[in-house]
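Chemist: Residue numbers (the working numbering), protein chains in the order written: chain X, 89 to 401; chain H, 89 to 401; chain F, 89 to 401; chain G, 89 to 401; chain Z, 89 to 401; chain A, 89 to 401.
Think of the hints as simulated: they come from the structure by calculation, not from any bench.
Mixed in with the good hints there might be a few duds.
One copy or two, either will do: identical chains are not told apart, so a pair holds if it fits within one copy or between any two.
Lysine-lysine pairs mimicking BS3-like chemistry, simulated, CA-CA at most 30 Å apart [said to hold, decoys possible]:
| no. | residue 1 | residue 2 |
| --- | --- | --- |
| 1 | K190 | K364 |
| 2 | K357 | K190 |
| 3 | K366 | K340 |
| 4 | K247 | K357 |
| 5 | K190 | K292 |
| 6 | K395 | K247 |
| 7 | K149 | K292 |
There are 6 protein chains.
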Amino acid sequence: MNRVIYKKFLRACGALSLCLSGGALFWPSAVRAQLITFSKQDLTDYTAKEPFERFPDGRPKVPDALLERARDLNSEEIWATLQEKGYNNQFADGFQVLHPGKPLVGRAFTVQFMPLRQDVDQIAQQKAKERGLPRLMNQTAIDMLQPGDVLVVDIMGKKVDGTIVGDNLFYYVMKATHGGGLVVDGSIRDLNGISEIDMPAYFKFSDPTPIGNVMLTGINIPIRIGNATVMPGDLVVGDREGVYFIPPQFVKETLDRADEIRIHDEWTKKKFDEGKYKSSEVYSTPKDPKLREEYQEYLKKRLAELKKQRGEN
Amino acid sequence: MNRVIYKKFLRACGALSLCLSGGALFWPSAVRAQLITFSKQDLTDYTAKEPFERFPDGRPKVPDALLERARDLNSEEIWATLQEKGYNNQFADGFQVLHPGKPLVGRAFTVQFMPLRQDVDQIAQQKAKERGLPRLMNQTAIDMLQPGDVLVVDIMGKKVDGTIVGDNLFYYVMKATHGGGLVVDGSIRDLNGISEIDMPAYFKFSDPTPIGNVMLTGINIPIRIGNATVMPGDLVVGDREGVYFIPPQFVKETLDRADEIRIHDEWTKKKFDEGKYKSSEVYSTPKDPKLREEYQEYLKKRLAELKKQRGEN
Amino acid sequence: MNRVIYKKFLRACGALSLCLSGGALFWPSAVRAQLITFSKQDLTDYTAKEPFERFPDGRPKVPDALLERARDLNSEEIWATLQEKGYNNQFADGFQVLHPGKPLVGRAFTVQFMPLRQDVDQIAQQKAKERGLPRLMNQTAIDMLQPGDVLVVDIMGKKVDGTIVGDNLFYYVMKATHGGGLVVDGSIRDLNGISEIDMPAYFKFSDPTPIGNVMLTGINIPIRIGNATVMPGDLVVGDREGVYFIPPQFVKETLDRADEIRIHDEWTKKKFDEGKYKSSEVYSTPKDPKLREEYQEYLKKRLAELKKQRGEN
Amino acid sequence: MNRVIYKKFLRACGALSLCLSGGALFWPSAVRAQLITFSKQDLTDYTAKEPFERFPDGRPKVPDALLERARDLNSEEIWATLQEKGYNNQFADGFQVLHPGKPLVGRAFTVQFMPLRQDVDQIAQQKAKERGLPRLMNQTAIDMLQPGDVLVVDIMGKKVDGTIVGDNLFYYVMKATHGGGLVVDGSIRDLNGISEIDMPAYFKFSDPTPIGNVMLTGINIPIRIGNATVMPGDLVVGDREGVYFIPPQFVKETLDRADEIRIHDEWTKKKFDEGKYKSSEVYSTPKDPKLREEYQEYLKKRLAELKKQRGEN
Amino acid sequence: MNRVIYKKFLRACGALSLCLSGGALFWPSAVRAQLITFSKQDLTDYTAKEPFERFPDGRPKVPDALLERARDLNSEEIWATLQEKGYNNQFADGFQVLHPGKPLVGRAFTVQFMPLRQDVDQIAQQKAKERGLPRLMNQTAIDMLQPGDVLVVDIMGKKVDGTIVGDNLFYYVMKATHGGGLVVDGSIRDLNGISEIDMPAYFKFSDPTPIGNVMLTGINIPIRIGNATVMPGDLVVGDREGVYFIPPQFVKETLDRADEIRIHDEWTKKKFDEGKYKSSEVYSTPKDPKLREEYQEYLKKRLAELKKQRGEN
Amino acid sequence: MNRVIYKKFLRACGALSLCLSGGALFWPSAVRAQLITFSKQDLTDYTAKEPFERFPDGRPKVPDALLERARDLNSEEIWATLQEKGYNNQFADGFQVLHPGKPLVGRAFTVQFMPLRQDVDQIAQQKAKERGLPRLMNQTAIDMLQPGDVLVVDIMGKKVDGTIVGDNLFYYVMKATHGGGLVVDGSIRDLNGISEIDMPAYFKFSDPTPIGNVMLTGINIPIRIGNATVMPGDLVVGDREGVYFIPPQFVKETLDRADEIRIHDEWTKKKFDEGKYKSSEVYSTPKDPKLREEYQEYLKKRLAELKKQRGEN
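Let the hints inform the model, and build the full structure from the sequences given.
Modeler: See the structure below:
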């Protein structure tokens, strides 16, 4: 092996104290060597209301068709449903957005890091070794990603040494998730290279250092991103403003409601454009009963069109 | 009315405690129900030096032709005139700029909010009711906008609940002002939707929440934006750096001086390009009397051309 | 006059463009020359619910006896009443507290400044002159203070040039208000000298510069301090955490409730000290009905004692 | 029950969605209803190197005699040992220190909160109910405290609604821990009342609101405080600079080394005071071999005295 | 001379207290009038390891061919070499990047400013005058720039009055350096105009004020930019993340290593794309010895191609 | 030597790459090995206006008697003189003040650090070695301190690794300067120990780490502290607000003027206390000519008393 690259490899390992040994990977048990665990039973119990199927490890699996529809969602439409349900802690912002025009949509795959503490880390490594498992590191998580996933990482808002991926691993995340995306409360490196890769990403900083002085403490456990509690399998939706983590049981209702909101805005704009009304006469609710009736007709017609268009009949 | 939208409507009202009742709108008296008032007499007195005509409510009306010329202004050119006059508090920055390449130009239409306080707000509502007026809310102000206006809003730098408009009302502002623009010391929502609308906007944050927990306390009163005191009718000019609020009595001089500055820069650049001079030999003032003379000739010629071009003869 | 001091005098004037001319002072009309006005009628209308008497200018006057009782209040006790009423915007913090152990209690006397703008300021001066009034400056407000007042100043959080008082004027405020106090969203100067004066003060910064580059735009008008709307005559109460502005109509209820909260805490602490209970068994509400009864007895007895002590019959 | 207090009780419950039901408390199983669990086995495994006895729940128990000696420790002495071991992430600062002169020493009792999310919280409550356990809330943790504990709370640096205790619960923590102490990456309320209680406390903010909009997700699990990973049972030591979390296996060595550092400083200061040496001649290591020898004698003598003084034979 | 422009000229001078007198310019001695000097001998001594030729004033001159190759460098590639050498303080970030896609590459030409202090400044002016030299100001430095230079300015992170150039001088820097670039720990003005000029620039702020209240204290002396010590002649490389200052002795090795890193990434990506490997199987070092061998072949081949392409063979 | 302490010693050295070798110390030439030099000639030239004697190395020496008088100065009094002279950049604040009630007064002894850069640092060490000098480190400067000095350190506002002294070296600074004081734009360590030492100190942070990753680049050269340019020998005066650096040529005038200001305040306060005047009638200048006369008498009398008291006759 080339000396230069080998050194790079050694260094990255040293930084994490978390390097690879060989051997077959059996993920479901592999993750039992992490500090904080959240069993399949826990995951199922705590997401009991999700109405869809699940991954083998218990993670909710919002169907692909709904992911597709979610590409049109924006923050306000999601807010409308979630705040009504009393879910006010599902939004995080303050990120740099890699490709502002490109929607982020996918299933949350969560990862948690904590500051490196050697006594704890050594036990975790030893536990892994006893079970014939590789050491825990950022790639451990990345290699578990599925198409449609969004990698959601709590690395404590770190800048220096808090870079979850560079352009190589970012490329791999893109391949593995089929362009799903990345949300990191921390940083990335190789911003120049990453800018050329066509996958949505939300990050706090970029920095030339590799990840280090941290330990991976949980995969697909509940995590905090800003003021949001994120559960594995949440529907992740990001736009120019920030990122929403939608509990699976609200996905369908959010999407249906968003249809109505978009039709409402469409109709309102049309009315504005006629030039006969002040904003307060048609928005948010028309004062004139006739207008309200007209709107109801319009809504019904457009919803039917949408259904047909989606082949839902 | 559709249940979903109706709820949205109710919520927005609740948030502001400020909802619409029907009835014809007579704005000049309507605004008398706001907490802080600034009468037509006050407005005329405190902007006594403005040399142009006025709106019926007393607000100065910088002529359309000057607005047109102001589209070429930038912050430095305005600074040159205003600091000479001793007006150092007319600039505000630290905004996100929606369309960085697109100049913001228009007449200031000012709005002020304060934190909601129910005893005060209830009196304001009652006063409005007694006079057969609608309640005060953000749409109250928006429906009063005129072509060429820029909506300038002091909402205390709020992020959450400080969103003066979403894409619907932003669209209406665009229509009503003929693309005038928005400056808000606070936030907007629906950034995705707003990004597609072709009107300049300067805002501190974007957030998914609607406006709330505030009360509209003044329309077309003197307000503060950052370190600037803004009077209704000021000429608002924004570029990549920030926003200037130019008192009407200085508009003409600012524009004329900007012409000279631009000609000066044009000539200096030409001289640089000849490759014969160091920067300090031609800029900011040529040391060689011959060059100074040459510049004077150039200035005279170009000013004449500009005048002709504008048909000012 | 001494040259050195005279220069100091001139400079302070220049800074504010606001200097004294002689003449008798008739404040009620004097304040009509300020930019933002809030008439006696306005003040009475917008504080219509206050149950006490008023100052001649219409400002609510919470009685001295209640001010006295309010010296024992702290932020949490006030929060308990105001949040129940839905008044969540009456608290401001982030101040430096001059004498942390000394309670701040008094009636709000409000003052507002805006960034200096000469055209506006000149009109204000001219209006004042026409009515034989002195120019507006910080001393204009200070000379209007009454015993029991707290001077509450919105000077835009300025540090440099935002110093409402130095030790001389602070001393005068102390004398005029009988030790009432100062709250300034801005700065003070002469911190060394001020530290030796026994009056509560809440300020954001200290700075060696005198006040400047601002204009006094309102006296006893509604102002904003942080996230609070302050009305003239509000009961101002400050402790180590921050400052509450209590609408007069809630003063009595706040004080009575605080009595109960203090008795409740007194009793709970006694119970803890018996060593027989876990915190959750006695706090915040005892689970055992017998204990609840015991508490009720205690509360009744102590309230009666308090009343007697205060000579309230 | 008194209406006022009852409402307070209800509100506090509502805020947390976490209220008490009656029934006997069996804590070891009670904590199994929390979202993130860390079993006795986990705790023992991950703190395998601790050389002392343990609490029944597996938490390391640094002996009382060492706690006593630790009262003289300061941050620099701890840094000297831990950095040599490669433990650079055990320190947190940026706190307000309640009683700057009073040392904080005790065993870490850790608590973690996350933003409230109702679907998850409801499951946790239901699980608790099924096992006949009280709901999880801040008092759940407080009622489990032991003498010598320091309550270490990760509540996400929240200010508003992030107040782990007011003066009532702070008093109870003081009683339960025998004055152990509190470290909270978040806020407290009732700062006035708390200031009068003689227990060390480190907090980010004070605020009048009670705790709310959060859920207790873990008790005695690994948590993050600033850049430190804290394990249950760590020795917590705080001084004017900040707080150290010392892994139990390093406690003895840290204390012994601190003895030597203090003797070294004592001797150096004595030498300075003789007035014969420049700082670089005696500090940090004397250049003159004779002085080095003199120091060695002094060290030996003083260590012997210390041992005798402590009755260590 | 035109009155308006002349005033502008005077003002700029007054601001700096540093204006031009006529006379021939002999820079090598001219710079002896600056407050902080760093002689040609000093410069040579302190950059003794640089392996290339030098400018007449002793400044290292990284060859043009290496500048050319450096256009492909990014921050991570530079980090890889410099951290291995133990140079961890050569990176600065937190800048606004004028043209994010355009690489910044050139030789550091350093300039330092300090807060204006008249007694010191007057001596410097007098010294300059005695030697028949022009006064020191920002143009003094700009007129000394060479093709391939990057102007690196420490103006103390100032925003207001900290604008090293407007669009005129920026244009001249571009001409003089042949598009080299600008790095300023401070601000620029005329952002609108500067945006249209095709030269890389890194700045903290933009502001409408001209430079003022500072004095130029050093040209081509060691300076600090963020956490980096910059020596005159360092290779400056900037990308989307920030700016590296590479000591000349490491330029060749950095470039060679970057070649290998890029080939490594190229090969890894190819392997990913085959779809047969997990990220941890090929990155950062392949586990399979066969793959490692394959990579070594690839590396050798590609390095040879690169050399040939560059005509180095 | 004791192993533990020896390691501590080694580490501190390693951190700075700057350790002691033996040998006699001849400071005047020793300092020639620092990166940035400012010769005796430079120092004399650039402080040519100072009216007092000098130290052997050229540093201005404000007389002890004036230092003594300066103990009564506060920031506002200094501001009054310096702003009139046009010196607005001589003040720095934002410090933590160790003993708020204790005045800081002394002569500036300046020290500058830059981020460690090994190529540069190695040259500096080699130069020192060639001249038989010790390496440069913080103790190098400390051992040069004189009675009446204040150590003023620019260490770039660093917190971690930016600790100029711990309690040992702080003690030595106190001894060497006879309690002069410390101003550091950076941090200190051992805050607990330092708190017990009776010398004024102004610092940005405290941190448990020792100084490291920096190199000492200048002793008694011009430095920047916040927005101030500090020259060696400036009179340093600190109070609760911050620190002033007074050029020696203004010391006498500042002190005399402060006398007048204090007498003015004394008289004004007396007048207030008579209860006959509004603040604006006596402050800052009495309107009534009789009062002005009365003040002049008072001033003359008190100045005479002061002179007598000081034995100035």
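Chemist: At most 30 Å between alpha carbons: which applies to K190 and K292, within, between, both or neither?
Modeler: Cα proximity of K190 and K292: in one copy and across copies (18 Å, 22 Å).
Chemist: Taking 30 Å as the upper bound on the Cα-Cα distance, should K247 and K357 be classified as within, between, both, or neither?
Modeler: Classified as between; 26 Å across copies, 43 Å inside a copy.
Chemist: Is the C-alpha distance from K149 to K292 at most 30 Å within one copy, between copies, in both cases, or in neither?
Modeler: within (27 Å within a copy, 37 Å between copies)
Chemist: Given a CA cutoff of 30 Å, do K190 and K364 count as a within-copy pair, a between-copy pair, both, or neither?
Modeler: Intra 36 Å, inter 29 Å, cutoff 30 Å: inter-copy only.
Chemist: When Cα atoms must be at most 30 Å apart, do K395 and K247 count as within-copy, between-copy, both, or neither?
Modeler: Cα proximity of K395 and K247: none, with 46 Å in one copy and 36 Å across.
Chemist: Check K357 against K190 for me: Cα-Cα at most 30 Å, and say if that holds within a copy, between copies, both or neither.
Modeler: both (24 Å within a copy, 23 Å between copies)
Chemist: Please sort K366 with K340 into within, between, both or neither, judging by C-alpha distance up to 30 Å.
Modeler: For K366 and K340, the Cα distance exceeds 30 Å both inside one copy (34 Å) and across copies (34 Å).
Going through the hint list in order, the structure does not satisfy hints 3 and 6.
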